[in-house]
Amino acid sequence: MLELQHLSFEVADEHGGKGIVKDVSLTIPDRELVVITGPNGGGKSTLARLIAGVETPTAGRIIFDGIDVTDLSITERAKRGIAFAFQQPVRFKGLQVLDLLRIAAGKRLGVGEACEYLSAVGLCAKDYIDREVNASLSGGELKRIEIATVLARSARLSIFDEPEAGIDLWSFSNLITVFENMRRHIRDSSIMIISHQERILSVADRIVVIREGRVAAQGPREEILPTLIGTTSAVAACRQLTKEDRE
Amino acid sequence: MKQLNEIQLRLLQEVADLHGVPEGAYNIRSNGEAAGRQSTANIEIVPKTDKPGIEVHIRPGTKNESVHIPVVLTETGLKETVYNDFYVGRDADVVIVAGCGIDNCGNQDAQHDGIHTFYLEPGAHVKYVEKHYGSGSGAGKRILNPVTEVHMDENSSMEMEMVQIKGVDDTERTTNAALKAGARLVVRERLMTHEQQRAISVYAVELNGAGSSADVVSRSVARDDSYQKFDAKILGNAPCQGHTECDSIIMDRGRILAVPGLEANDVDASLVHEAAIGKIAGEQLVKLMTLGLTEQEAEEQIINGFLK
Chain F
1 MLELQHLSFE VADEHGGKGI VKDVSLTIPD RELVVITGPN GGGKSTLARL IAGVETPTAG
61 RIIFDGIDVT DLSITERAKR GIAFAFQQPV RFKGLQVLDL LRIAAGKRLG VGEACEYLSA
121 VGLCAKDYID REVNASLSGG ELKRIEIATV LARSARLSIF DEPEAGIDLW SFSNLITVFE
181 NMRRHIRDSS IMIISHQERI LSVADRIVVI REGRVAAQGP REEILPTLIG TTSAVAACRQ
241 LTKEDRE
Chain W
248 MKQLNEIQLR LLQEVADLHG VPEGAYNIRS NGEAAGRQST ANIEIVPKTD KPGIEVHIRP
308 GTKNESVHIP VVLTETGLKE TVYNDFYVGR DADVVIVAGC GIDNCGNQDA QHDGIHTFYL
368 EPGAHVKYVE KHYGSGSGAG KRILNPVTEV HMDENSSMEM EMVQIKGVDD TERTTNAALK
428 AGARLVVRER LMTHEQQRAI SVYAVELNGA GSSADVVSRS VARDDSYQKF DAKILGNAPC
488 QGHTECDSII MDRGRILAVP GLEANDVDAS LVHEAAIGKI AGEQLVKLMT LGLTEQEAEE
548 QIINGFLK
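Protein chains in written order, with this note's numbering: chain F, 1 to 247; chain W, 248 to 555.
No lab work stands behind these hints: they were computed from the structure.
Here are some chain W residues pointing at chain F (derived, C-beta under 10 Å):
(1) A528
(2) K534
(3) F553
All values derive from a computational prediction rather than experimental measurement.
The beta carbon of each residue, even a glycine, is placed where N, CA and C say it ideally should be.
Pulled out of the complex, with its shape left as it was, chain F reads as follows (with noise of 0.2 Å):
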């Protein structure tokens, strides 16, 4: 279970000082996947930096399965069962998916293990297995192996920054199915989607709405999603790409 506790993340600016998190405070139960959804801008991504450790906080704590994981490093997070899927996927001149997979499970996977993660995303195993990650892979091909290394960690808490961007239509509701088959196999794990794509917002057990740097909403789906229909915080797939193909 992950607890945020009047969060805060300030930039300086040329005033002074500006709030791009403001005393957010919620929490990410077991066994549940919370989407994190809300205007562009409004500080989700950085919520979600600021818990894997890669932005440190001005203000508040972040509890971890009941310890305070807020001074921790991103190391000792990652091994505490903190794991991150980047919204935009680093890219390695010479490491090769396997090795990628291979870190990210903490052991040295078997070819075998290793391409059932990739198949999980749709990746034909046996086609990138050995394949360096970088620059001769597609933004698609990234994420989705940006995925698989996430699921390969087995984590206490995943968590995923706009999954979807960068994301062709095809591949987008084979992300779904990753996304329903990770709920449906939560066991004593959770699950933080930032997204406000309402085919992801529908998997969600939860919504909360962050806008302006701080929770507008959240609620149970049922309760948050009819309410966010037609908005930017729940956009149809289709929408959004011809946007971005006009664009």
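Take the given structure of chain F and dock chain W to it, following the hints.
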């Protein structure tokens, strides 16, 4: 074969992946003298009579055979220049593994300069692997200055893999190649320098025949206070294709100079140079740390992958 001690055997393993006497043709040089030599039906190794070194004659059509010519130095103060010539017959296809390991525990410099000259007949194919390694705690430097001259006849091809990862204080590597029509040269250099080490690598490749091509790629890491210079020049004197690439990571106070050199003397010469130098990207470290590695472990993984 002359008995080698533990240190010499360890060096042999580092530079040639050899645990004992290799199969096929070989010549092992230890502290300035021959420690073992074997020719085969198709590959003849004979000592030079006018200067130190050997001649390796590979008969035309020889396939899937290998030649190992490792050198080990464990005596402080030893300096040698050795001339090795390789004559590779028409349509032969062989692997040549060279390499030099120096263990210097003394206070004087130990130095090996290997001058390797290759003559490839038409259609010959050579895979050449050269590893350098240094160890020993003495104040004396471990110095290696290899010179490689490659003469490639029509439609011959050569793949060169040069590796120097550890322990060599000073290197000046010179590689010159001249290619006739249809010949192809591929070079893959892997280099890591530490402390005060200095490594200079100079290539001059002449593409003289129509349809010849060269691909010279260096990946390197400069750590501590080390210095590297990568100077790759390709001359396109005919319709040809040339590509050089220097991809480097700098750490600590490491310094790297990449000097691109392309000269097109034929309107159908197509030459490309790429160079990128920079430290490890912060986001790469962060990504691996979110997978549970410490910053130092993440750094090692990134470098291992990069130099793989």
